[in-house]
Amino acid sequence: MTDRQFIGKPTNRVDALEKVMGTARYTADYYLPGMLISRCLRSKVPHARIISIDTSEARQIPGVHAVITCDDFIDHGRFGFPIVDMYMLAYQRVRYVGDPIAAVAAENEESLQAALKAIKVELEPLPGLFDPRQALSPDAPLVGEKPRDAEGYPHGNLLIDYIVRQNDPDAVWKECDLVLDKEYTTMHQEHAYIETEASLAVPWPKSSGVTVYACCQSPFLAKNNIIQTVGLGSEDVRVIQPYVGGAFGGKDDTMYQTIAQTAKLALISGRPVKMVFSREESMISSYKRDAMIMHYKIGAKKDGTLMACQFHGIVDSGAYAAITPFTAWRSTIHAMGPYRYQACSVDTDVVYTNNGFAGAFRGFGNTEVCFASELAVDEIAYRLNMDPIDLRLKNCLRPGDTTSHGQKLGDDVALAECLQQVRKLSDWDRKRKEFEQGDPARIHPGELRKGIGVAAVFHGMSLGAEGKDSAVGTLRINDDNTLTLTSGLTDYGSGSRTVFTLIAAETLGINPSRIHMLRPDTDTAIDSGPTVASRATVLGGNATQVTAMRLDAILLNAAADLFHCQIVDILRDGENYIGPNEEPASFDKVVDHARQMGLTLSTEGRWNAPENHWSFESGTGKPYFAYHFGAQVAEVLVDTGTGKVEVTGYWGVHNTGTVIFPQGILGQLYGGITQGLGYALMERVDFDKGFIQATNFDEYIIPTAMDVPEIVGAFVEKPFSDGPYGAKNIAEPSLVPAAPAIINAIFHATGRRIQNLPANLERVLIGKDLRKEGSNTACKLGLHQV
Amino acid sequence: MIFDLIVNEEPIHTEAPADISLLHFLRDHLKLTGTKEGCNVGECGACSVLLDGKLVNSCLILAAQANGRRVVTIEGIHAEDGGPNDLQQAFIEYGAVQCGFCIPGMVLAGEALLNSNINPTRAEIREAIAGNLCRCTGYQQIVDAIQATALKRQEKGRRD
Ligand code: FES
Ligand code: FES
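As given, the protein sequences belong to chains S and A, one line each in that order.
Heads up: the first sequence is residues 122 to 907, going by this note's numbering.
Heads up: the second sequence is residues 3 to 162, going by this note's numbering.
Think of the hints as simulated: they come from the structure by calculation, not from any bench.
Model, not experiment: these values are computed from the prediction.
A hint or two may mislead.
What follows is a set of in silico ranges between Cβ atoms, one per label pair, in the way DEER data are often shown [what the hints assert, rightly or not]:
(1) A:R160 <-> S:K765: 40 to 50 Å
(2) S:T763 <-> A:N119: 42 to 52 Å
(3) S:R146 <-> A:L62: 47 to 57 Å
(4) A:K56 <-> S:M827: 45 to 55 Å
With the Cβ distance kept under 7 Å, some of the chain S side facing chain A (calculated, not the full set) [claimed, not checked]:
(5) R134
(6) G143
(7) D150
(8) Y791
(9) G792
(10) N817
(11) T825
(12) A826
Derived list of chain A stretches under chain S, where covered just means 3 residues or more per stretch with a C-beta under 8 Å from a C-beta of chain S [what the hints assert, rightly or not]:
(13) 42 to 55
(14) 122 to 132
Every residue, glycine too, gets a C-beta built ideally from N, C-alpha and C.
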C-alpha cells in the first residue's frame, strides 16, 4: 500500500534527541537529597549451606542505615516465574558464585565497604555440580530443591523436560542414504548491555509506600514481586522505568532482586536508596544465555530430501530456573529448524548446576538450536555434493506446509523468498565457485582463505503456548490537543516507542509529533505481560492500533455530527476532516466539537494473540500463532596461520511483513547480527568450577566497529494478517542465524567443521582446544570490586 | 583538594577527594550525567570526554590530571542555539541511536575524529570509534552519521 502517511517512511526515533544531547536520564543518573548508596554481599563459593548470618556489627558502623537478609522479606523473599525457586537474598543455601546474601545501605562508600566486611557469614561448603551431563547421575550433588528419590537419584536436578513427536525416526533411518550423527555445544553468553543494573527506591513521606526507578525489563513484574515479598498493597508501590541502556532479555530476574532489595532498604532507612552494579558485579551475578549440549541425528536421501531428525539436548540452567523453562521450550519447538521431515523426535532436559544461572537472552533458546541444526543441515549438503542453499530450498517450510509439531502454516511463510533474495544479494553462486572449498590436508599454513556460508531461521512469534499473550495500550487527548499514548511493553532501546507512535499516528491520521508516548510506569500503563520474545511490535503494535481505532471512531462520530453527515461520507486530507459540503474541519476543530458533545476522549485497547495449544504429553500442537523467517549469508577471510577469522561481508533477508520504522528495523538487524558475530567468534563465558572467567570487557570481548563488516539488509514485506499493518517482529530472529552462517563460511574456507562455540583461534586452527583455560583468580579479583 | 578547571567553557572551582577519577568528578560532583560509566577500566568508551581536545576515557584519568585544563563533555556539544549540532543531528537522522547509553561517548569520538581528519574513510571511522563499545546498533548507522557529517563539513568548508 502506498497511501500510508507515516508507516514505512523515514522517521526519527522519538527519543533520539535526548540521547544525542546527553540529557536522557538513566537510573544511575538520578541523584536525590539524602540518597544512600547500597550494595550486596555476594557468595564467593559456588555451593554452600548457610549456617548463620550475623549483621549486628555491620549495623553499628556509622553511616550505615540498613542491613537486610532474606529474613527481612515475607517467606524469605521467595519469588520466580514461571518456577518459584529464587530468593531476594539467599535463604539456607548459596547456589552460585555471586548469589546475594545480604544488602547494605549507607551514606558513603567507606561505611558501605566497612559494613559489607563486618557481616559475618558462616558457610558449610557443599560439593558443586558443574557438568550438566552429570546432573542426573546418582552421585551428582543435589542442587535442585527436591530431595533424592528412594534409589538415591538426584531427580531434583532435573528442572523440566520437553518433547516434540512426529512419527518415529527409528523407522525411517533405513530409508536414508545418509545419516549424520553429531554433537554440538554452545556456551553461556553475557548480555553485555553497556548500562549495568541499577535501581533507585524512594520511600513515600508519611506512609509505607515506595516508588522505584529501575532499568528492568518488565515494571509490572517488578511491582508484583515487591508486593509479595516486601508485603505492600498494590496502591503502595509504583515502578517507573527511566531510559534503559540495553537489556536484550537480561534485565529480568537479577533486576527484580535488586529492585526488591532497594525497596526494602528504602523503607527501613526512610531515605532514597540507589544501587548501581559495577561491571564486575554485573558479569558475576547476572544471568546469562544458557549453555547447551545438543545431539543431532539427521537422515537424508541422495537427492537432498531431509527425512528424519532426532534431537537430544541438555540445557544448563545453572543455579536457578529464571525464565529458562520458557527458553528451553522454545529450543525444543525450534530444534528441527524450518524444514519438512517425515519423522522427528525432540527431547530436551533442563538441569540445575552451580554454573551461575541462565535466563532470557535475545533469541530465547532458538539461538542455540539454530546454530547446531544449521551446521548439521549444511554438512548434509556438502556430503551430498549439493549447494547449501539448494538443499535448504528443497526442504524449507512453505505456505500450507505442516510442521513437525502438526501445525498447518498460513500464507505468510516466505523462507524460500528470503533464501533466493539473499543468494542474489550476496552474489552467492559466483563466490561459491571462486572461493574454492577448503581441504585441511591441502592448505598451506599461513594461507589466507575466503569462504561463504548460509543459515536459515524460523522463529515463533511472541510467547506462544509459553504463556498468556495479550497487550494493552491507551490513548488520551489532552487539553492542548496533544495525545498521550501508553503501553505496558517497554522500550529498552529496540525502538518500540517509535513503532507504537507511528501506528497511532497512521490510524488516527494525525502528525506523529502530536503524540507523546509515556515511559512505562505502573501508575499510568496497563500490565501487558513481559517485554520478551520480541513481542513488542506485534502485541503492543496491535494493542496500539486497537486503541487508536476506538479513538478514531469517536472523532469520526464528532466530525459526522459537525458536518451533519454520515461517517462514510467523511474523507481525510492530512489531519483535516472533509465532509460532503462544508469547508474542511481541522483536527483541533473536530476534537473541540467532540468535547462539546461531551464525548470521552480517551480509549483503551487490548489485543489478544490468536489461540495456541500445545500438548506437553504428546509433543504436538500449535505452539505459536505464526513464525518469522529469514536467511543470512556470511563471507569470511580466515588466516590459516593464526586461526584469525575476519567477517568480510554480511547479508540478511528477513520475512518481516510490513516495515513500519525503516531505520529502526535496519538497526535491529545490524545489531542482532553483530551480537551473533560475537557469539560465533569471541564471546566466551567459561565457568571453572563455578567461577566465571571473565568479569569485565578486558576479558569478555564483544565486537567493536572494526570487527563488523558492512551489512546489507533486505526485507520480504509479505503482509502478515495478524500483525499491525501487516508487520512481524525482528529483534530476535536477526541474531539467531548469524553464528551458524559464519561457522558454515569458515567450513567453506577451511574444510573444518567447528562444532563448539565460540570459534576461537585454536578451534579454527586445529579444530579443538589446546589447553583447559583459566583459573578462578579472575573471578576472585572481580569479586573484590563487587 | 581544590580543583580548578574549565568544563564546557565554564570555569570550575570546587573541592573533591584528591583520588577521584575524572568520571566520578564529572558525574557525582558536577552532576554532568551525560558521561556514562560502563566498565571503569578503560574498555568501553562510555565515559569518553575531550581533554584539551583529545579523546580520553574519563574513568582512567584522575580529576587531578585535568586540573588547569579544558574538559568537554557531551553537555558541551551542541549547536549555537543549544539544539543538536550537525553531528548530533546526523546521529538522529541516520538511526544511529538505540538505547543511547554509548551515544554520548560515540558523539565525542566522532567529534575528536572530525577535528583531526575531515575526510575519513569508513575504515578510518570504524577505527576511530573502536574504543567505544555499542551493544545495540552494530555500528553501521553510527558510521553513516559520522561520514555524512564529514561530507557536510567539507562542503561547508569549501563554501566559506
Ligand atoms: S567507563 Fe571508562 S572506558 Fe568504560
Ligand atoms: S545504542 Fe545501546 S549501547 Fe549503543
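Hints and how they fare:
Between R160 of chain A and K765 of chain S the CB atoms are about 41 Å apart, so this pair conforms to the stated range of 40 to 50 Å. Checked against the hint of 42 to 52 Å, the pair T763 of chain S and N119 of chain A fails, with Cβ atoms roughly 30 Å apart. For the pair R146 of chain S and L62 of chain A, the beta carbons lie near 25 Å from each other, so the given range of 47 to 57 Å is not met. Checking the proposed 45 to 55 Å range against K56 of chain A and M827 of chain S shows it is violated: the Cβ atoms sit about 20 Å from each other.
Checking R134 of chain S against chain A: minimum C-beta separation of about 6 Å stays under 7 Å; hint holds. Annotation: G143 of chain S was flagged as interfacial toward chain A, and the flag holds, the nearest CB pair being 2 Å apart, inside 7 Å. Hint status for D150 of chain S: holds, given a least beta-carbon distance of 4 Å to chain A, under 7 Å. Hint status for Y791 of chain S relative to chain A: holds, with the closest Cβ pair at about 3 Å, below 7 Å.
The interface hint given for G792 of chain S holds, since its Cβ lies 5 Å from the closest Cβ of chain A, which is under the 7 Å cut-off. For N817 of chain S, the shortest C-beta to C-beta distance to chain A is roughly 5 Å, which falls under 7 Å, so the interface hint holds. Proximity of T825 of chain S to chain A holds as hinted, the smallest CB-CB distance being about 4 Å (cut-off 7 Å). Interface hint at A826 of chain S: satisfied, since its Cβ lies 4 Å from the closest Cβ of chain A, which is below the 7 Å cut-off.
Residue count for the region 42 to 55 of chain A with a Cβ under 8 Å from a Cβ of chain S: 5. That meets the three needed, and the coverage hint holds. Only when three residues or more bring their CB closer than 8 Å to a CB of chain S does the claim for the region 122 to 132 of chain A stand; here the count is 6, and the claim holds.
The structure shown violates the earlier hints numbered 2, 3, 4.
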